[in-house]
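Chemist: Sequence:
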Amino acid sequence: MRLKHGEDGTWACFELLRGLHRLHLILRESSSKLREEIVDAASVVDKRVDTLREVVVRLRSFSQTWPNFHVNLLHSLLRREDYDRALEWHTVLSRQSPLGPEALGGLFSRFITDPKPEMQDALTSIYDASNVRRLYDIIIPVLYNSGNSRLAREWRKKLIEFGDHPSSVRSIPFLDFLSRYYPRTRLTPQEVALVDPGMGAEGQYEPEDGPGMQHNTKKGIYSDRFLAKWFASTWLSVEFVLNFVHRMGLEMVGPLSLQALALREPDAEAVAARISHLDKLDIRVAPQTYCKALVFFARSGEDELLNLLLQTDIHPDEFDNPKTRHRILAAAIERKDSQREALLEGVEWAVRSQEAPDYLNDLLRSMLKRGLGKAKLVIDRMAALKVKISQKNADILLDHAFQGVGKHPTRWKRKVPPGDPDAQLDRAIYITRRISSHGVAIPVQYWSNLIYSLGRLGRFEELLQLSIEFVRLYKPTIHGLIPVHRQDAPEITSTSVDPLRAEMPRGRADQETSPKRRRKSEYEELKDAHHIPSDLSFTHRHHPVQLVFDRILQQNILRWGFDQTLLKEPAVSASMDRPANRLADFDIACGVRILASLRDEGVLIDRQVLRSRIANRIILGEVPSRRHQLRDDGDVSTEHVKRLVDAAWGSEVLPSLPEFNKVVEKQRPGVWEEYPLLFQNTYRDRDRSGSELEFSTIPFI
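The UniProt record's numbering applies: residue 1 is where the sequence shown begins, and numbers increase by one.
Since the hints were made in silico from the structure, they are not lab data. Be a bit skeptical, because a hint or two may be false.
To be verified - With a straight-line Cα cutoff of 30 Å, these simulated BS3-like cross-link-like pairs (lysine-lysine) come out:
1) 369 to 386
2) 280 to 386
3) 475 to 386
4) 33 to 229
5) 33 to 47
6) 116 to 158
7) 388 to 369
8) 407 to 280
9) 475 to 388
10) 475 to 157
11) 407 to 392
12) 376 to 386
13) 475 to 392
14) 116 to 157
15) 336 to 323
16) 116 to 33
Because the structure is a prediction, the values reported are computed rather than measured.
Working from the sequences, and respecting the hints, build out all of it.
Modeler: Here's what the structure looks like:
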């Protein structure tokens, strides 16, 4: 109605129904969308809101209610960024109908990720004006799971000041992250009791579900029945519900919620688009037969079969038992129920087609025992079918791919069979790229090995491309959580117990000492699964990007680019002032260009290291044996090098020429002291012959 008649037209419709005493039409369950539009139209003017409020009060005298009036009004006002009026009306309406935890939690989940100071101030004021104080387990997981760890830490402080503390396992992933990456943060007794039951009062910890949520022990898995109600509710758009549950950390949708979601769409193509949206949000579909069939029908464009599945009176759980399916199929054939018969046959077809993911992961594991040759074929097949590699298979695969591949190619190449000397490295690069596309965690040591090997082999174009690919893994287009391998997650120093062991209250663990009898909680099974929020700065000392591109690697990139290029003929563009388009066009400053490209991706580059190392390489480059015979002292003159380096950096990064000359001269004694024999022999032989002689180069890879 709002799209067709506008806000004034919607309000006029409401006034007409009120004048005709037909408000009961608005209160129907099927009229939720109309109620939302009326509230939204009223939010424009205070007079309209006041009129609507009087109607709501009058309805109560007849034992009738206007569902969600208070929260819908706040939604409209906050969406319009009318923050002052939102707080004013919240204060007024709270006297008559205060918001409960579920409604207030839903409101915060919708707007809490908006970083604008005005929005954050408004939400803080609304929270302060409310009596609800059990929102920690809603606000913090929403912020953390959406990749807003900075806001999560700010809100944690606010909530603690208001006496709002966590009591649900939903907050454990954030507290685990906080303990690892910000170890100086002091946890409250309630937080400690949650992440480490042995530290709290015995028997006090009881994982509680947040308002309106029935929560499984596994993070992000909520009651399927409850989520189905959310997906089926027409007063909430599908986009809103999906974004909401994503922020809440939902990892999987069950059959009932998937059914409710599919019923909101007109055809199989639209349902398939919704499922693709779930994939982009990293929300998996439950591995039940009903879900597999629904996904298969949608993606296959089987509108008729999809409609039969959505409308069937067979409970989703019944499809999981093959014997039950066959019995129902036989009964349908006997009764000549062609529709049910077609449905059951379609389900069998879907089951056979959907066995690929588990089968391919099992096949990959068995192929790995025979070597990487056959495993590569399985990997390609999995990529074609968009089947995700399991973390366990990824670890095994990487271990095989990097056998013998380290940071020093001159060492591991000796062990490579005759043929292509770089084949082993190329295979490791291929496998790493394939696995990274599956969204599983890869230890940064593997990335580091590849980058060092490419640099020491002088394959600078590939080094740059691979480095950018690695960095962009931590710059996702959709903000959220990014997997980090357990090897790269910092240890928890503030407590001796991993927060992921917060499942079992104190005392019970002592009763179950036998490993065979002890049932691992789902959080214990997640001990190897670590994540970082997408807003964690690259400059954080434990960020994977910082772990790889530290000062040592930056120094090496500059050194490789300078020294190895100096042993080749000079680039034409470097000597003739032509525009530089390729990495090689920057000649001995190609390493600087690599660092500049990484800087543009957000990597912190130490400019002082750059200036110091360039001066160092100039001094060493003056030795004739360390450069190509077609190069002379002019190729390593401070004037020429400064021009190349500043061009590669994109702006002036080296000091003025007189200052740069001083830097070089200041470092010269230290470099001579570091390589005494090199300079001693060079200048002694120069004095003897009166000319420049070539000497064997010292290794620099």
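Chemist: Against each hint, give a clear statement of whether it holds in the structure.
Modeler: Hints and how they fare:
1. Among the hinted pairs, residue 369 with residue 386 is consistent with the structure: their alpha-carbon atoms are about 23 Å apart, no more than 30 Å.
2. At most 30 Å may separate the alpha-carbon atoms for a hinted pair to count; residue 280 and residue 386 meet this at roughly 13 Å.
3. At roughly 22 Å between alpha-carbon atoms, residue 475 and residue 386 fall within 30 Å of each other, so this suggested pair holds.
4. A distance of roughly 15 Å separates the Cα atoms of residue 33 and residue 229; the hinted pair therefore holds under the 30 Å criterion.
5. The hinted pair formed by residue 33 and residue 47 meets the criterion: a straight-line CA distance of about 22 Å does not exceed 30 Å.
6. A distance of roughly 17 Å separates the Cα atoms of residue 116 and residue 158; the hinted pair therefore holds under the 30 Å criterion.
7. As the CA atoms of residue 388 and residue 369 are separated by approximately 20 Å, the hinted pair is consistent with the 30 Å bound.
8. For the hint linking residue 407 to residue 280, the alpha-carbon distance of about 35 Å lies beyond 30 Å, and the restraint is violated.
9. Proximity of residue 475 to residue 388 is assessed by CA-CA distance (about 20 Å); at most 30 Å being required, the pair is judged to hold.
10. About 27 Å separates the Cα atoms of residue 475 and residue 157, which keeps this hinted pair within 30 Å; it holds.
11. Distance restraint check for residue 407 and residue 392: the Cα-Cα separation of roughly 24 Å lies within the 30 Å cut-off, and the hinted pair is therefore satisfied.
12. Among the hinted pairs, residue 376 with residue 386 is consistent with the structure: their alpha-carbon atoms are about 15 Å apart, no more than 30 Å.
13. For a cut-off of 30 Å, the pair hint linking residue 475 to residue 392 stands: about 24 Å separates their Cα positions.
14. Between residue 116 and residue 157, the direct Cα distance comes to roughly 18 Å. Compliance with the 30 Å bound is thereby established for this hinted pair.
15. A distance of roughly 20 Å separates the Cα atoms of residue 336 and residue 323; the hinted pair therefore holds under the 30 Å criterion.
16. At most 30 Å may separate the alpha-carbon atoms for a hinted pair to count; residue 116 and residue 33 meet this at roughly 28 Å.
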